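Colleague: Listed below are the residues making up each chain.
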Amino acid sequence: MKHKQQVIMYILGLISLLATWQFLASQVSNMILASPIQTLWKFTELITHNTFWQQLSVTLVRLFYALSLACFIGFILGVIAGRHAWLKFYLAPFRWLLMSVPPVIVVLLAMLWFGMGNSMVIFITVLLLSPTIYINTQKAVEHIDSHWFELAQVYKFSWYQRLSKIYIPAISAPLCATLIIVCCNGVRIVVLAEVLGAHQGIGFKLADASSNFNTAELYAWVIVSLLIVAFMELVLLRPVQNYLLRWREHI
Amino acid sequence: MDSLMNSPLNSLINNPMDRSTHTSVQHEMPLVTLNKVTLTLAEQTIFDNLSLSFNAGDKVALLGESGIGKSSLLKLIAGIYQATYGTLHNKALRIGYVFQEPRLLPWLTVEQNINEVMKAYGVNKAQRTKELPVLLTQVALNQFRHYYPHQLSGGMAQRVSLARAFAIKPDLLLLDEPFSALDSQLTKQLSLLLQNLLTPATTMIYVSHYLEQVLPLVQLCLVLHASDNTNKKTFTCHSTANKNEREQFLHQFTQHDFKNKINKVC
Numbered sequence: 001m002k003h004k005q006q007v008i009m010y011i012l013g014l015i016s017l018l019a020t021w022q023f024l025a026s027q028v029s030n031m032i033l034a035s036p037i038q039t040l041w042k043f044t045e046l047i048t049h050n051t052f053w054q055q056l057s058v059t060l061v062r063l064f065y066a067l068s069l070a071c072f073i074g075f076i077l078g079v080i081a082g083r084h085a086w087l088k089f090y091l092a093p094f095r096w097l098l099m100s101v102p103p104v105i106v107v108l109l110a111m112l113w114f115g116m117g118n119s120m121v122i123f124i125t126v127l128l129l130s131p132t133i134y135i136n137t138q139k140a141v142e143h144i145d146s147h148w149f150e151l152a153q154v155y156k157f158s159w160y161q162r163l164s165k166i167y168i169p170a171i172s173a174p175l176c177a178t179l180i181i182v183c184c185n186g187v188r189i190v191v192l193a194e195v196l197g198a199h200q201g202i203g204f205k206l207a208d209a210s211s212n213f214n215t216a217e218l219y220a221w222v223i224v225s226l227l228i229v230a231f232m233e234l235v236l237l238r239p240v241q242n243y244l245l246r247w248r249e250h251i
Numbered sequence: 001m002d003s004l005m006n007s008p009l010n011s012l013i014n015n016p017m018d019r020s021t022h023t024s025v026q027h028e029m030p031l032v033t034l035n036k037v038t039l040t041l042a043e044q045t046i047f048d049n050l051s052l053s054f055n056a057g058d059k060v061a062l063l064g065e066s067g068i069g070k071s072s073l074l075k076l077i078a079g080i081y082q083a084t085y086g087t088l089h090n091k092a093l094r095i096g097y098v099f100q101e102p103r104l105l106p107w108l109t110v111e112q113n114i115n116e117v118m119k120a121y122g123v124n125k126a127q128r129t130k131e132l133p134v135l136l137t138q139v140a141l142n143q144f145r146h147y148y149p150h151q152l153s154g155g156m157a158q159r160v161s162l163a164r165a166f167a168i169k170p171d172l173l174l175l176d177e178p179f180s181a182l183d184s185q186l187t188k189q190l191s192l193l194l195q196n197l198l199t200p201a202t203t204m205i206y207v208s209h210y211l212e213q214v215l216p217l218v219q220l221c222l223v224l225h226a227s228d229n230t231n232k233k234t235f236t237c238h239s240t241a242n243k244n245e246r247e248q249f250l251h252q253f254t255q256h257d258f259k260n261k262i263n264k265v266c
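Residue numbers (my numbering), protein chains in the order written: chain A, 1 to 251; chain B, 1 to 266.
These are calculated hints, taken from the structure and not from any lab test. Source: prediction; values computed, not measured. Hints may be right or wrong, so weigh each one.
Simulated crosslink set (DSS-like; lysine-lysine; CA at most 27 Å straight-line) [unchecked claim]: (1) B:K233 x A:K156; (2) A:K139 x A:K88; (3) A:K139 x B:K36; (4) B:K91 x A:K156; (5) A:K156 x B:K119; (6) B:K188 x B:K36; (7) B:K125 x A:K156; (8) B:K188 x B:K125.
Please construct the entire structure, taking both the sequences and the accompanying hints into account.
Modeller: Structural data, given as structure tokens:
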């Protein structure tokens, strides 16, 4: 598919989405569903407000710490478990537990343990995301061709060379896909945790708008969280992906 | 066969620690010694009680029918496999290994593939910048240094693999049928290149099915045999240092019963 066609299809999809939204909004009350215009109007009002950037930064800082920690833990454990089966089996019950338990239960328990605020939000995001990174890294490492490890062994590669020149490039394609999933889920979980147990952040403002029946503001905050995901995917992850997979461009 | 059995390396096969009988010209101590080594992989015994040694500077061809364990022996010497029983001493500090396939990291360019190996051996940046273009020119790939492996032909990729092995100035060079996937013309060219890059001090163990290309490069040929009912592997050793000996060896090959097995893959 040509680039021009891709852009046209993308724009058509977006227009259809907005048209459906507008149609549904015209059918029901403003209290239930705000129209795209109302939402956009509220959104511009929000971003010109002082507290908006403060609330946004609170959520972004939480997201940054939670994603960094989850990626670090999941990646390191995934690489080791991919090479040493004993760790894979040892961690299997933990992974199963964390991937099966509904996030809302973890939020409720974390609120009991940590109270409301930063620690709780970061804790549950790390707890729920690291198994996804772990399992994808572990599976990808398990499938790296043993030829590369023989090469690294014969030519005495350092651990840093093994990591940067074998592990990361060899698993970069599945790893990039995982990072996109984890970033999207990260925003969802942070916002969910903030809705349920925080005094600041996007989630808190969402809960606030909801309890005040301020539907337009609620939708405006949803737009903010969508923009965070888009920003992370296009501005942060896309360049990383292009860099890691640059050698494939020539194929 | 009797005269061949008295060749220098053979005395070491039977009695690896006996230096008095070893008349090889180069150095005093063996570089690689296998003492009663048993290798078991996936519950299958590849070698049983194998003793063998190689001196510094030896250029040896390792022959034998397919699947007999030639590659396993190279991997054992390189440290990729560990001996199940017995001891293996390898005093080589820098091992160059040319695999059957080029085995270049696909996400690194030609230059980076060689550079990483030099880095691993602690060659500093100034030296790397100085030596890399010289090495790449030797293998006629200097203008392709920014290419990725998938942009190279099979012959070019194997030349990079050779250059990578020589980039660390190896004291032990292990070649595992390096040109088997290439046509005979390319194999000839690469054998010549290998001949030019080799130094007298480098110990070389060369596994190949292309006898005619290997013989000019080696002084000794080790032929690996499997006994019919056990896993016990035995060697016969043949000196091929001069033309007469080489011809005699080829003649022996055509006479001896293991010739048929080898010839199938030649």
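Colleague: It remains to establish, for every hint, whether it holds in the given structure.
Modeller: The hints, checked one at a time:
1. Under the criterion of a C-alpha separation no larger than 27 Å, the hint pairing K233 of chain B with K156 of chain A is inconsistent with the structure, at around 30 Å.
2. This hinted pair checks out: K139 of chain A and K88 of chain A have alpha carbons roughly 10 Å apart, not beyond 27 Å.
3. Our distance criterion of 27 Å between C-alpha atoms is broken by K139 of chain A and K36 of chain B, whose separation comes to about 39 Å.
4. Annotation: proposed proximity of K91 of chain B to K156 of chain A holds, straight-line Cα distance about 15 Å (limit 27 Å).
5. With a CA separation close to 10 Å, the supplied pair K156 of chain A and K119 of chain B stays within the 27 Å bound.
6. Among the hinted pairs, K188 of chain B with K36 of chain B is inconsistent with the structure: their alpha-carbon atoms are about 37 Å apart, more than 27 Å.
7. For the proposed pair K125 of chain B and K156 of chain A, the alpha carbon gap of about 18 Å is at most 27 Å, so the pair holds.
8. The suggested pairing of K188 of chain B with K125 of chain B is violated, with an alpha-carbon distance near 34 Å, which exceeds 27 Å.
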